[in-house]
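Going down the list, the protein sequences come from chains A and B.
For the record, in the first sequence the residue sitting at position 162 is 162 according to the working numbering, with numbers rising by one throughout.
For the record, in the second sequence the residue sitting at position 79 is 79 according to the working numbering, with numbers rising by one throughout.
There could be a bad hint or two in this list.
Simulated DEER-style distance windows between Cβ atoms [what the hints assert, rightly or not]:
hint, chain 1, residue 1, chain 2, residue 2, range
1, A, Met147, B, Ile84, 31 to 41 angstroms
2, A, Ile95, B, Asp199, 54 to 64 angstroms
3, A, Pro53, B, Gly162, 46 to 56 angstroms
4, A, Ala261, B, Ala105, 42 to 52 angstroms
Hints are computed from structural coordinates only; laboratory data are not their basis.
We put the beta carbon where it would ideally sit given N, CA and C, even for glycine.
The chain contents come next:
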Amino acid sequence: MPDRTSRFIWPILGLPGMVWIALFFLVPLYVVFCVTFGTVDPIFRSPVPAWNPLEWQFEQVVVVWDRLVGPNNFYLPPVLRTLLYVVVAVVACMIIAFPVAYFTARYAGRHRALILALLVAPFWISYMMRMLAWINLLQPDGLVNSMITLWGIIPLEVNWLSGNPFTVVMGLIYGYVPYMLLPLFAALDRISPSLIEAGRDLGASGFGLFRRVILPMSVPGVVAGTLLIALPMMGDYFTSDMLSKSPNTSMIGNLINLSIATPGQSGQAGALLILVLLVLLAPMIWYTRSNAKAEVRS
Amino acid sequence: MTVSPAPAEALLAEAQEPRRQRAPSGMSGARAHGLAAITAVYLLWSLVPVAVVVLFSFNAGRSRSTWQGFSLRWYTWDPDGSVINDESIRNALTHTVLLAVIATAITVPLGVLFALALDRWRGRLPAGANFLALITFVIPEIALAIGLLFMVTYLATPFGLGTTAQIVGLVTFQLAYPIVICRARLLTISAHYEEAARDLGATALGAVRRVILPMLFPAILVSAILVFADVLDNFVIVRYLSSDASTETTSMRIYQVARAAPTPALNAMATIILVVSTLVIVVGWLLYRRWSKRQGDSTDLISFTGNL
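Can you build the whole structure from these sequences, using the hints too?
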């Protein structure tokens with residue numbers, strides 16, 4: 001018999017969390033809109049947020065749009081570059097993660113726990129430390145250059161760390177591949193060995209088995225991994241800053257970060273951010289929903 | 001940078017299943033060997049660079065690429081600025097740990113209560129709140145950081161940037177961990193336990209406190225470890241919401257000076273944070289194992305890393 005307290009206990013327990021999310025997630029997002037669609041103080045160059053949506057003006061959006069597709073479209077290259085880098089990095093992460101996850105799920109045997117622990121190790125190594133590691137290795141006199149020049153025998157000194165797109169994409173792959181590995185491992189590990197045996201009994205050979213059984217079963221993991229790494233990469237500015245520090249490799253995140261640092265450009269930063277969020281809205285909602293559904297099913 | 005609980009959740013489920021017998025490999029040994037080689041190369045590529053950072057924190061010279069002998073000078077006293085001598089490094093270390101402790105202490109109870117509420121409270125309001133909590137997870141961190149930065153600068157001006165703002169940002173960004181992990185665990189806890197407790201005379205709150213919370217302990221432990229380790233590594237939120245040098249963290253410090261010919265003291269600082277998070281995870285694992293043994297659950301590393 002549910003008494004009075006039990007009816008109210010759940011909402012009361014949930015209240016602090018709900019208030020927190022409203023106050024520190026919804027309100028900040030609203031403020032971004034108010035700053036972006038507000039005006040700029042003509043003297044101090046500081047943004048004047050418009051708190052009332054009826055007073056919203058779209059000057060900043062026009063400015064950003066103009067820089068994207070107008071005659072002076074200097075925002076466009078970083079945007080296209082971001083898309084290119086993200087696509088290349090995601091595909092590379094899949095290619096790297098698939099065999100590793102597959103091996104760990106099916107063949108690792110008694111080393112399984114150890115390998116899994118090593119695979120998740122990057123999660124507790126700071127991202128900045130991992131980037132620092134590559135800065136150390138890729139310095140002009142660093143280990144990588146020493147190795148490719150065979151310690152000075154071959155006169156080939158590659159400049160890795162200033163505006164080299166290869167380094168930035170490698171950095172993205174290095175930074176994000178563990179987040180592709182785990183969901184992929186989880187998906188591959190769920191494939192029951194008897195299913196594979198059944199496939200084999202029905203005459204599927206190595207490649208056919210892979211293409212018709214394993215690959216389709218791994219799709220949820222691949223999709224989850226792709227979203228998990230593509231979404232944060234869209235806002236990443238620090239990988240390029242750490243490994244290149246050059247406008248030649250700047251991404252959307254760098255545009256936003258630079259606008260934030262420049263007085264009077266908060267509105268542009270907000271407009272760029274809203275643009276990114278609009279593009280990412282559908283995948284974000286889709287991912288959240290599919291997760292919620294998976295929860296209900298389990 | 002955030003670890004999504006989604007794979008963690010999937011692994012949690014897998015860890016709770018009884019271990020399946022692996023079928024003997026029918027594939028050619030050569031193929032398995034090839035995969036093993038790829039995995040080994042991947043692990044080397046993934047971990048050796050970090051090991052090099054740790055190694056060079058013990059370098060006797062100033063170089064971060066030429067080994068000049070073993071020394072602890074970059075940790076202890078060194079006129080060039082060791083961890084102990086350089087105030088900015090010392091301060092970054094203490095501030096990072098302070099943020100991690102406070103943010104974990106707020107995030108975990110907040111998230112656990114929220115998960116408990118969502119488990120029983122049906123309706124549009126809790127469903128919407130749950131959806132928002134999950135969105136905080138996939139939204140690019142920069143969006144949340146800039147939102148809070150704008151809020152503090154233009155709306156809640158007396159609030160001010162600095163430690164408090166950093167903690168608020170971190171808690172918001174991390175809140176989904178305890179929620180998702182505890183909810184996954186709650187789904188495996190049958191409502192019968194609570195009903196039995198109620199039949200035996202416990203109040204609703206008493207049943208939660210004395211029956212549900214103890215059963216939730218591993219999930220709470222795992223989310224606390226995750227939040228703590230993740231806050232130690234946070235960069236985007238703590239940077240946008242910092243005020244001055246006193247609120248600089250270790251990741252900000254690395255970002256700041258990594259490209260400006262730093263000494264191995266920077267490597268030493270990064271190593272110390274790595275040691276702290278490793279210690280937290282190891283202690284967490286020992287606690288988890290002790291608890292699981294008492295409960296007769298599986299105690300292997302997989303179920304723990306699975307939970308992670």
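Hint check:
For the pair A/Met147 and B/Ile84, the supplied restraint of 31 to 41 angstroms holds, since their beta-carbon distance comes to about 34 angstroms. At roughly 56 angstroms, the beta-carbon separation of A/Ile95 and B/Asp199 lies within the given 54 to 64 angstroms, and the hint holds. A/Pro53 and B/Gly162 have their C-beta atoms about 31 angstroms apart, which leaves the hinted 46 to 56 angstroms range violated. Range check, A/Ala261 to B/Ala105: Cβ separation about 32 angstroms, and the 42 to 52 angstroms hint is violated.
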